[in-house]
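Colleague: What follows is the residue order along each chain.
Number of protein chains: 2
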Amino acid sequence: MALIVQKYGGTSVGSIERIKAVAERVARARDRGDQLVVVVSAMAGETNRLLDLAGRLSDTPHPREADALVATGEQVSAALMAIRLQALGYPALSLLGYQLRITTDSRHGAAKIKAIDRDRISQALEDGRIVVVAGFQGVNPAGDITTLGRGASDLTAVALAAVLNAAACEIYTDVDGVYTADPNICPRARRLERISYDEMLEMAGLGAKVLQLRSVELARRFNVPLVVKSSFSEDTRGTWVGQEDRAMENVLVSGVTLDQNQSKITLTGVEDRPGLAARIFGPIAESGIVVDMIIQNAGADGRADLTFTVPRADLRRALELVRAVAGEIGAAGVRHEDQVAKVSIVGVGMRTHAGVAATMFKVLAAEGINIEMIATSEIKVSVVVNAKYGELAMRALHDAFLGENPALNEG
Amino acid sequence: MALIVQKYGGTSVGSIERIKAVAERVARARDRGDQLVVVVSAMAGETNRLLDLAGRLSDTPHPREADALVATGEQVSAALMAIRLQALGYPALSLLGYQLRITTDSRHGAAKIKAIDRDRISQALEDGRIVVVAGFQGVNPAGDITTLGRGASDLTAVALAAVLNAAACEIYTDVDGVYTADPNICPRARRLERISYDEMLEMAGLGAKVLQLRSVELARRFNVPLVVKSSFSEDTRGTWVGQEDRAMENVLVSGVTLDQNQSKITLTGVEDRPGLAARIFGPIAESGIVVDMIIQNAGADGRADLTFTVPRADLRRALELVRAVAGEIGAAGVRHEDQVAKVSIVGVGMRTHAGVAATMFKVLAAEGINIEMIATSEIKVSVVVNAKYGELAMRALHDAFLGENPALNEG
Chain A
68 MALIVQKYGG
78 TSVGSIERIK
88 AVAERVARAR
98 DRGDQLVVVV
108 SAMAGETNRL
118 LDLAGRLSDT
128 PHPREADALV
138 ATGEQVSAAL
148 MAIRLQALGY
158 PALSLLGYQL
168 RITTDSRHGA
178 AKIKAIDRDR
188 ISQALEDGRI
198 VVVAGFQGVN
208 PAGDITTLGR
218 GASDLTAVAL
228 AAVLNAAACE
238 IYTDVDGVYT
248 ADPNICPRAR
258 RLERISYDEM
268 LEMAGLGAKV
278 LQLRSVELAR
288 RFNVPLVVKS
298 SFSEDTRGTW
308 VGQEDRAMEN
318 VLVSGVTLDQ
328 NQSKITLTGV
338 EDRPGLAARI
348 FGPIAESGIV
358 VDMIIQNAGA
368 DGRADLTFTV
378 PRADLRRALE
388 LVRAVAGEIG
398 AAGVRHEDQV
408 AKVSIVGVGM
418 RTHAGVAATM
428 FKVLAAEGIN
438 IEMIATSEIK
448 VSVVVNAKYG
458 ELAMRALHDA
468 FLGENPALNE
478 G
Chain X
68 MALIVQKYGG
78 TSVGSIERIK
88 AVAERVARAR
98 DRGDQLVVVV
108 SAMAGETNRL
118 LDLAGRLSDT
128 PHPREADALV
138 ATGEQVSAAL
148 MAIRLQALGY
158 PALSLLGYQL
168 RITTDSRHGA
178 AKIKAIDRDR
188 ISQALEDGRI
198 VVVAGFQGVN
208 PAGDITTLGR
218 GASDLTAVAL
228 AAVLNAAACE
238 IYTDVDGVYT
248 ADPNICPRAR
258 RLERISYDEM
268 LEMAGLGAKV
278 LQLRSVELAR
288 RFNVPLVVKS
298 SFSEDTRGTW
308 VGQEDRAMEN
318 VLVSGVTLDQ
328 NQSKITLTGV
338 EDRPGLAARI
348 FGPIAESGIV
358 VDMIIQNAGA
368 DGRADLTFTV
378 PRADLRRALE
388 LVRAVAGEIG
398 AAGVRHEDQV
408 AKVSIVGVGM
418 RTHAGVAATM
428 FKVLAAEGIN
438 IEMIATSEIK
448 VSVVVNAKYG
458 ELAMRALHDA
468 FLGENPALNE
478 G
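Each protein sequence line maps, in turn, to chains A and X.
Per the working numbering, residue 68 is the first one in the first sequence, and the count goes up by one each step.
Per the working numbering, residue 68 is the first one in the second sequence, and the count goes up by one each step.
Calculated from the structure, these hints are not laboratory results.
Do not take every clue at face value.
Note that identical chains are pooled: a pair holds if it fits in a single copy or bridges any two copies.
SDA-like mimics (lysine to any residue), calculated; alpha carbons at most 20 Å apart, straight line [stated by the list, open to error]:
{"#": "1", "residue 1": "K455", "residue 2": "E434"}
{"#": "2", "residue 1": "K87", "residue 2": "R123"}
{"#": "3", "residue 1": "K87", "residue 2": "L118"}
{"#": "4", "residue 1": "K87", "residue 2": "D119"}
{"#": "5", "residue 1": "K181", "residue 2": "V294"}
{"#": "6", "residue 1": "K87", "residue 2": "S125"}
{"#": "7", "residue 1": "K87", "residue 2": "D126"}
{"#": "8", "residue 1": "K276", "residue 2": "E316"}
{"#": "9", "residue 1": "K455", "residue 2": "A94"}
{"#": "10", "residue 1": "K179", "residue 2": "G309"}
{"#": "11", "residue 1": "K87", "residue 2": "L120"}
{"#": "12", "residue 1": "K455", "residue 2": "I252"}
{"#": "13", "residue 1": "K276", "residue 2": "D249"}
{"#": "14", "residue 1": "K87", "residue 2": "R116"}
{"#": "15", "residue 1": "K429", "residue 2": "L459"}
{"#": "16", "residue 1": "K87", "residue 2": "G122"}
{"#": "17", "residue 1": "K276", "residue 2": "D184"}
{"#": "18", "residue 1": "K179", "residue 2": "R281"}
The structure presented is a predicted model; accordingly, all values stated were derived computationally and were not measured.
All chains, full assembly: derive it from the sequences and hints.
Modeller: Right, dumping it as structure tokens:
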């Protein structure tokens with residue numbers, strides 16, 4: 068008898084019919100003899116509906132009240148799921164964040180879990196209950212309801228799996244696993260059987276939206292095996308996310324990602340002396356803008372061009388800050404490109420195999436795509452290209468590393 | 068500076084526009100210097116929407132889960148009201164049943180309040196907050212959410228007013244007070260300035276739906292002054308509900324009520340011996356049917372006719388039970404009338420003034436209305452008439468006791 072945590076996202080419980088289907092799935096797992104904790108999100112659209120109500124009453128709803136408001140979405144889902152499981156004859160029990168004593172800090176809307184009291188949930192499991200947990204919510208030391216941030220029902224599930232030492236944390240969503248690339252862009256993308264935490268983190272951070280970043284970090288820290296599956300399909304395979312193993316190292320590239328919401332700023336003729344980078348990036352960081360890639364090309368004249376990327380939504384604010392500094396530090400000028408794409412390949416095999424980046428550049432060159440920036444990490448190579456070539460670059464790289472002919476992808 | 072508890076019902080907070088209007092009203096009260104506790108119901112229709120979802124998942128939703136489900140309705144209203152008050156610049160704070168430690172028994176759906184911890188709410192008031200409370204909900208000793216029954220946001224408000232020793236508990240609804248009769252039936256019905264707890268209890272029990280019965284009982288027990296007002300009108304008068312005083316005794320009749328949902332059962336030829344009433348009414352009580360009026364006419368032959376009323380919705384079940392018993396006890400027969408109306412006059416003046424009942428019978432006789440049953444209490448006279456005469460009887464009695472010519476109504 069294994070203890071399994073299952074998490075069902077908003078589309079998976081998005082209607083009465085979907086709740087019924089999920090309850091059947093939970094019931095079958097119970098019939099197989101597993102102990103079950105079922106974490107549910109709000110019904111699809113509900114969180115936005117509630118936030119819209121708040122938005123019609125206040126331009127800046129107080130975060131404490133907004134949390135009390137939106138937490139009802141998961142409370143409704145949890146109660147309905149328990150009601151359905153009971154109607155099927157299963158001993159279900161819903162529990163909310165404060166009832167589970169999921170204690171968090173007081174940063175409403177993005178609270179961090181500090182502790183989970185495992186007694187309440189363990190007792191319910193020992194009593195033979197299927198425990199249905201309202202995801203996304205906790206309680207601060209003052210007893211106020213907090214929420215953990217968008218997509219954070221994943222986090223609730225992983226945290227409970229860690230505390231309970233569960234055999235697995237199954238994340239049910241509307242896709243049947245993690246793909247080698249976005250199937251909407253790469254028709255030949257295929258589901259991965261296995262992927263390491265590190266690769267998943269790079270892919271999540273690079274814009275693959277299957278799993279929430281913080282939940283993967285937490286799973287890695289506590290070594291919680293994650294399985295991503297579809298709640299809409301009877302296919303039970305999904306993608307397994309766990310610790311790196313030897314087999315994984317034999318695969319150079321696990322996935323290709325594309326981020327089309329980037330823009331690029333270049334400061335030309337910057338004097339090459341200490342402290343200038345801090346002058347430039349300090350104000351940007353203070354204003355909460357995330358700078359992704361930074362590249363500096365030192366020229367022969369002791370002056371350099373400094374190029375970096377920011378999310379397109381932040382471009383205007385970033386430009387204002389940069390232009391203000393540019394004059395002070397005597398830069399020659401400020402250029403920007405508002406539409407660039409970042410294409411990345413990710414794979415733990417890169418740790419032990421050289422030449423992956425070179426192959427990547429060759430593939431892009433063969434397509435006539437100019438590389439504007441390059442950044443590498445241990446298990447990732449990212450390039451910035453003109454936005455109009457983003458999808459082409461992704462498809463070309465996918466075909467080369469992950470297509471029909473696997474020659475390029477075995478170390 | 069007075070401490071006031073205000074309660075707003077479902078129609079009063081039924082839309083974003085209504086919530087804005089109520090927040091303005093609360094803000095004005097605050098500007099007058101009052102300390103305020105604001106109890107809110109779920110937005111009109113929300114409780115039914117949630118129960119409908121549950122009903123599509125289970126024929127008999129588990130009461131614990133149903134309570135966790137419907138309690139979200141008041142949670143949403145409370146958060147939205149706090150958000151709006153804050154947007155207007157007022158220091159509001161929403162609190163839920165478990166946060167206020169409104170401890171109840173575990174009878175889900177109809178829980179009884181056992182205790183309220185006044186520290187949390189007093190602290191918030193001392194901090195200068197307008198405390199917005201989610202009505203209708205509590206928490207049992209195990210930490211499960213309970214609800215107090217339909218209409219029980221009134222009860223939350225009265226209980227808080229009692230614990231806090233509030234100067235008044237204002238119940239805001241969609242009518243501007245308690246009326247001498249239902250204005251839909253009696254065009255000349257008028258708002259009462261004052262009414263005693265006892266009269267209000269009789270009127271609430273007799274079908275006047277302005278206040279929930281249990282909340283009036285609680286208000287009487289703790290001597291909480293109630294004021295019923297409209298949240299839709301700028302008229303600030305309303306109806307005051309409090310302890311009986313000398314002025315009230317000078318009014319014979321405060322109100323006329325009509326209950327059109329009654330039916331009548333008669334057992335004929337019942338032997339007049341001890342124990343038979345228990346044989347007849349025992350099974351009916353056990354099946355949860357509320358018997359209202361009972362009348363027995365002993366005949367000269369030692370046999371009697373026994374007549375009683377039950378809610379029309381329960382008539383069929385009651386008839387089955389009565390017919391089963393009728394044979395066993397040797398009754399001559401069972402008759403029933405499925406449409407009767409109960410018309411009542413209520414007034415504390417009856418305690419000290421004789422002849423009110425006689426006047427009532429005279430008024431009905433003048434209209435040619437036959438009285439089928441009569442029941443009296445200290446402050447009430449009820450008669451059962453053929454349903455088709457119900458509204459006519461009500462109007463005739465209202466005109467006689469409460470109309471333009473007040474002669475009949477002064478002791």
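Colleague: For K87 and L120, with the copy left unspecified, which applies at a CA distance of at most 20 Å: within, between, both, or neither?
Modeller: For K87 and L120, only the inter-copy Cα distance (12 Å) is at most 20 Å; the intra-copy one is 28 Å.
Colleague: Taking 20 Å as the upper bound on the Cα-Cα distance, should K179 and R281 be classified as within, between, both, or neither?
Modeller: within (10 Å within a copy, 43 Å between copies)
Colleague: Between the shortest in-copy and the shortest cross-copy C-alpha distance, which are at most 20 Å for K87 and D119: within, between, both, or neither?
Modeller: between (28 Å within a copy, 15 Å between copies)
Colleague: One pair to classify: K181 and V294, alpha carbons no more than 20 Å apart. Within, between, both, or neither?
Modeller: Classified as neither: same-chain Cα gap 25 Å, cross-chain 46 Å, threshold 20 Å.
Colleague: Is it within a copy, between copies, both, or neither that the alpha carbon of K276 lies no farther than 20 Å from that of D249?
Modeller: Classified as within: same-chain Cα gap 10 Å, cross-chain 59 Å, threshold 20 Å.
Colleague: First find the shortest C-alpha distance between K87 and L118 inside one copy, then the shortest across copies, and answer within, between, both or neither for a cut-off of 20 Å.
Modeller: between (26 Å within a copy, 16 Å between copies)
Colleague: First find the shortest C-alpha distance between K429 and L459 inside one copy, then the shortest across copies, and answer within, between, both or neither for a cut-off of 20 Å.
Modeller: Classified as within: same-chain Cα gap 14 Å, cross-chain 96 Å, threshold 20 Å.
Colleague: My question is about K87 and D126: at a cut-off of 20 Å on alpha-carbon distance, are they close within one copy, between copies, both, or neither?
Modeller: between (37 Å within a copy, 14 Å between copies)
Colleague: Evaluate K87 and G122 at a C-alpha cut-off of 20 Å and name the case that applies: within, between, both or neither.
Modeller: between (32 Å within a copy, 12 Å between copies)
Colleague: What label fits K455 with E434 when the C-alpha limit is 20 Å: within, between, both, or neither?
Modeller: within (13 Å within a copy, 89 Å between copies)
Colleague: I want to check one pair: K87 and S125. Are their C-alpha atoms no more than 20 Å apart within a copy, between two copies, both, or neither?
Modeller: Only across copies: K87 and S125 sit 10 Å apart there, 36 Å inside one copy, limit 20 Å.
Colleague: Indicate which option fits the pair K455, A94 if close means a Cα-Cα distance not exceeding 20 Å: within, between, both or neither.
Modeller: This pair counts as neither: shortest intra-copy Cα distance 48 Å, inter-copy 55 Å.
The structure does not agree with the numbered hints 5, 8, 9, 10, 17 stated previously, though it agrees with the rest.
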